[in-house]
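> Keeping the supplied structure of chain A fixed, place chains B and C upon it in accordance with the hints.
Okay, here's what each chain looks like letter by letter:
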Amino acid sequence: MTGEDLRPQILVRDVSKSFSGRVVVDVDELVLGDVPVEGLLGPNGAGKTTLMRLIMHSIPLDGGTVTLSRPGQRDVLLSATRTSQMAGLGVVKSTQVITDFEHLTILDSALLAVTEARYERPFAAAADRTVRKRHEEEIRHWLDYFGFDDPLAVALSGGDKKLLDIVRCLLLEPAVLLLDEPTAGLSEDHTERVKAAVRQLASRGTSVVIVEHDLDVIWDLCDEVIFMAEGKVLLKDKPATIRANPTVVESYLGAGSA
Amino acid sequence: MSFVTSQTSEASTNPETVVPPGERKGWSKFGLSPGWAISVVVGVVVVVLATLFDFWATTFVVGATENAPLVLAAFGFALLYRLTGLLNVAYAETITLGAYFAVWMNNSWGLGFYVVLLPAGLLAGVLSVVTYLVIFRFAKGRRVGNLEMIVISFGLSIFLQHALQFVFGYRRRAFDIPPPNTIEVFGVGVSSFRLLALASVAALTTIVYQFIQRTSFGLQIRALASNEGLAQASGVRPLRVTILIWFVAGLCGGLAGVFYGAGASVESFLGIDELLLILLVVLVGGIWGLLGVVVVGMATGVALTGITLEYGNSLYAELVLVVAFLGVLKFRGRRLTDGSKV
Amino acid sequence: MNLDWLDAFLIFGAFKVVEIMGLGLLVHLQLGLTRVANFGVVGFWGVGLYAFGVAHLKIDWPFGDPYQFLVCAAIATIVAAAAGLVVGWLISDLDDDGTLVGTLGFATIVVILATTQQGLTGGALGLGGLGFPYDFSRVKTHEFTWLLITAAVVALIFAYAWRVHRTPHGRLLIAVGANEALARSLGKSATAARLRMMMVTSGAMGLLGAMHGVMVRSLEINSLDVSVTLAALAALILGGTARVFGAVVGVLLTVALFDIVIQFYLPIPDGWNTQALPVAREAVFGAAIVLMLIFRPQGLLGQMRRPALMRRLHGDW
Chain A
1 MTGEDLRPQI LVRDVSKSFS GRVVVDVDEL VLGDVPVEGL LGPNGAGKTT
51 LMRLIMHSIP LDGGTVTLSR PGQRDVLLSA TRTSQMAGLG VVKSTQVITD
101 FEHLTILDSA LLAVTEARYE RPFAAAADRT VRKRHEEEIR HWLDYFGFDD
151 PLAVALSGGD KKLLDIVRCL LLEPAVLLLD EPTAGLSEDH TERVKAAVRQ
201 LASRGTSVVI VEHDLDVIWD LCDEVIFMAE GKVLLKDKPA TIRANPTVVE
251 SYLGAGSA
Chain B
1001 MSFVTSQTSE ASTNPETVVP PGERKGWSKF GLSPGWAISV VVGVVVVVLA
1051 TLFDFWATTF VVGATENAPL VLAAFGFALL YRLTGLLNVA YAETITLGAY
1101 FAVWMNNSWG LGFYVVLLPA GLLAGVLSVV TYLVIFRFAK GRRVGNLEMI
1151 VISFGLSIFL QHALQFVFGY RRRAFDIPPP NTIEVFGVGV SSFRLLALAS
1201 VAALTTIVYQ FIQRTSFGLQ IRALASNEGL AQASGVRPLR VTILIWFVAG
1251 LCGGLAGVFY GAGASVESFL GIDELLLILL VVLVGGIWGL LGVVVVGMAT
1301 GVALTGITLE YGNSLYAELV LVVAFLGVLK FRGRRLTDGS KV
Chain C
2001 MNLDWLDAFL IFGAFKVVEI MGLGLLVHLQ LGLTRVANFG VVGFWGVGLY
2051 AFGVAHLKID WPFGDPYQFL VCAAIATIVA AAAGLVVGWL ISDLDDDGTL
2101 VGTLGFATIV VILATTQQGL TGGALGLGGL GFPYDFSRVK THEFTWLLIT
2151 AAVVALIFAY AWRVHRTPHG RLLIAVGANE ALARSLGKSA TAARLRMMMV
2201 TSGAMGLLGA MHGVMVRSLE INSLDVSVTL AALAALILGG TARVFGAVVG
2251 VLLTVALFDI VIQFYLPIPD GWNTQALPVA REAVFGAAIV LMLIFRPQGL
2301 LGQMRRPALM RRLHGDW
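Chains as they are written, first to last, in the numbering used here: chain A, 1 to 258; chain B, 1001 to 1342; chain C, 2001 to 2317.
The shape of chain A in the complex, shown without the other chains (with noise of 0.2 Å):
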């Protein structure tokens, strides 16, 4: 990297949203991207979640704006723009349910993600072909680096759908990239290999967000935490700063986990 500035960023302004007058998101200002990988900490309820939707505008905002800024490229309005067109300016999210289209093999999935849009016209027979041959490889390494013996098959464990839906994310080589719990539920291994991919994602200049409950996670990899409580970003520092912050401690770490 030569410099934090030539980093995609996100900036959130005034942004607000609340479901049947309940006050979720509540954000004033808040610039994500700013440092390669950046966590976001909150207890239950604190709106990590809904912020990330409203990131990526799959639910409508109450108001304010957000602003994805890439180097060397104009700033494109967000809060303006379909969810289905964020893939293509590099957003992408993982989600925290575990999600999958039912039938689809992985193969499938992993097609899906990478197929650009002329080749999905109804009349473009032969394509499918045509983009395995220009994707192969991408795929393969994907499915390889997260142990996927028999692509031609249904993901069926939970396990297996949670990393299908990273390996769609990664696949999508996004610019910033949003992990909405990403490991919960994965093996020891497959953890760490979500870890050491983010890393890698980050070092070529990703900018990754991650929500997570694995708090080790957090600590591990990210290079700022942001702490929100009820719908407000309280705090953003380094991790070690966080860890050591008695309202952190008191509200959601606990006491004893410091």
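Rather than coming from a laboratory, the hints here were simulated on the basis of the structure.
Some hints here could point you the wrong way.
Here's a subset of chain B near chain C, in silico, CB distances under 8 Å, partners left out [stated by the list, open to error]:
(1) Glu1148
(2) Ile1150
(3) Leu1276
(4) Leu1280
(5) Asn1313
For glycine and all other residues, C-beta sits at the position ideal for the given N, C-alpha and C.
Relative to chain A, chains B and C alone:
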């Protein structure tokens, strides 16, 4: 998906919460919701227009009375839709059955219109409950998805439309009753049956609405509509409540069917021919809750009559309304639900 | 061609089988893959039928058949495809309930327009004068030839549906149907995917409508009946919505059973054919939908077999 009014969202956070009268704001202080206030204003405008202009008098009086069954049917449908989330196409046959029962009792035993009205409605209500227990409850127990449920109700509707012909005959059937009295309203002659239809709409919708809003049973219904799991946990017995709702919905549909049938004749497609308008009234009116359904239903009836009077063809009226409603649905309508978020 | 062995009604029965098979295959792409429940199949088919009829009868073409047929059939296809685009847009962000009302509403609009625009369509009386785009002197030969041509068109529709399962387009449709939100998050425009699918399938439905117009040689308002939608849906659900062969198997067990086997080969009392049998047919189709979806929702042929297909396509992975 069910449409949520302020009432149900209140119930969803806590079914026990009832706003004390002293804390109500604005119109509600006087026991008036904005919906009621608007209804009163619209009512005054209607009366003024009807007294001043013949065309409007005819449109309002004929529209409101002739299409009262539409409002009644839509209200029953909306009740069911709101509680179960099921867009039940076979509701059309509840309407048809009400008409068939009435015409059968009338033709076989020579019973008068006013005598057969209520029994026919009650029978339709019972049959509505039977379809729930035999088909929909059973299907739900087998974890049939929402899309499949709609297709099942479509299949059931088609089945009943045709199977009923083997029971009640292929021919159209008509009531054997003396012509109803004509009563003058704003200088427009209306048959007493139609006035009764309008009165039934007013009575039934008011009773059911008050029942849902004021009684503890109604509270259970609201709780069940917003969150089945939570409602069950707080002691609501879903089966009892659900059966009641299917019955009341069937009653509304059956009565609507009797009124439809008395206005013309009875055949097995009577209900399905009215279904599209009912669906549209329910989906569009439902944006503003149950009262919205009644108001939009009334407005639809008046618009149908007005356009028909002006252009001399009821099909044009239907065309205009279907297009308008689809437009409203598109722009004011029903976006993807919570479950589909990533 | 000596066709004395062939009953004229049998040709019609077979034509119906072929026609519904085509519609069923198209509904398979809509419902089975993309999970769009089209309750207005008859609308798209009917818009094709009427567009074809009106273009054929009301426009003074400077050339004769078969070019006149080809041009009018193309018009029918384009009009139906445009209708598919409009309806697809209308229902693009509505849920299943909205889709039901949207498609049903569209079919109703088609019927109303066909009834009211008497100058163009003949209204409730209908309009005669359509004919076959060739002349072999004998009506039965005409009809039999048309049956074969329609069968060829349906075979093409089958080939297309079969192919779609093997392309990225089909994969996208399955993904959008199974999990629209997830597809969006992968950068897929679910709306565009649905619109394209609706355009193609509706256009083909319109073409089948035009083919129907030639076979019956007239426009009749009664043909715009929900029974068209019902037959296609019932057949597909019986066979299996997610399988290409679902519609084929389903139509053989429903339409072929009633319109060929029972009508021609069972000793049924006189008079049943006109009243009891058609009514019973619809009742049975309706009941079949209910029973199948409750007891075997995947249909006789069962679930989509994506792993097996992927093994055939990418076995060398």
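> It remains to establish, for every hint, whether it holds in the given structure.
Structure-based check of each hint:
Annotation: interface hint on Glu1148/B holds; nearest CB of chain C at approximately 5 Å, less than 8 Å. Given the 8 Å rule on beta carbons, the hint for Ile1150/B holds: about 6 Å separates it from the nearest Cβ of chain C. Interface hint at Leu1276/B: satisfied, since its Cβ lies 5 Å from the closest Cβ of chain C, which is below the 8 Å cut-off. Hint status for Leu1280/B: holds, given a least beta-carbon distance of 6 Å to chain C, under 8 Å.
Restraint check, Asn1313/B versus chain C: the minimum CB separation of about 7 Å is within 8 Å; hint holds.
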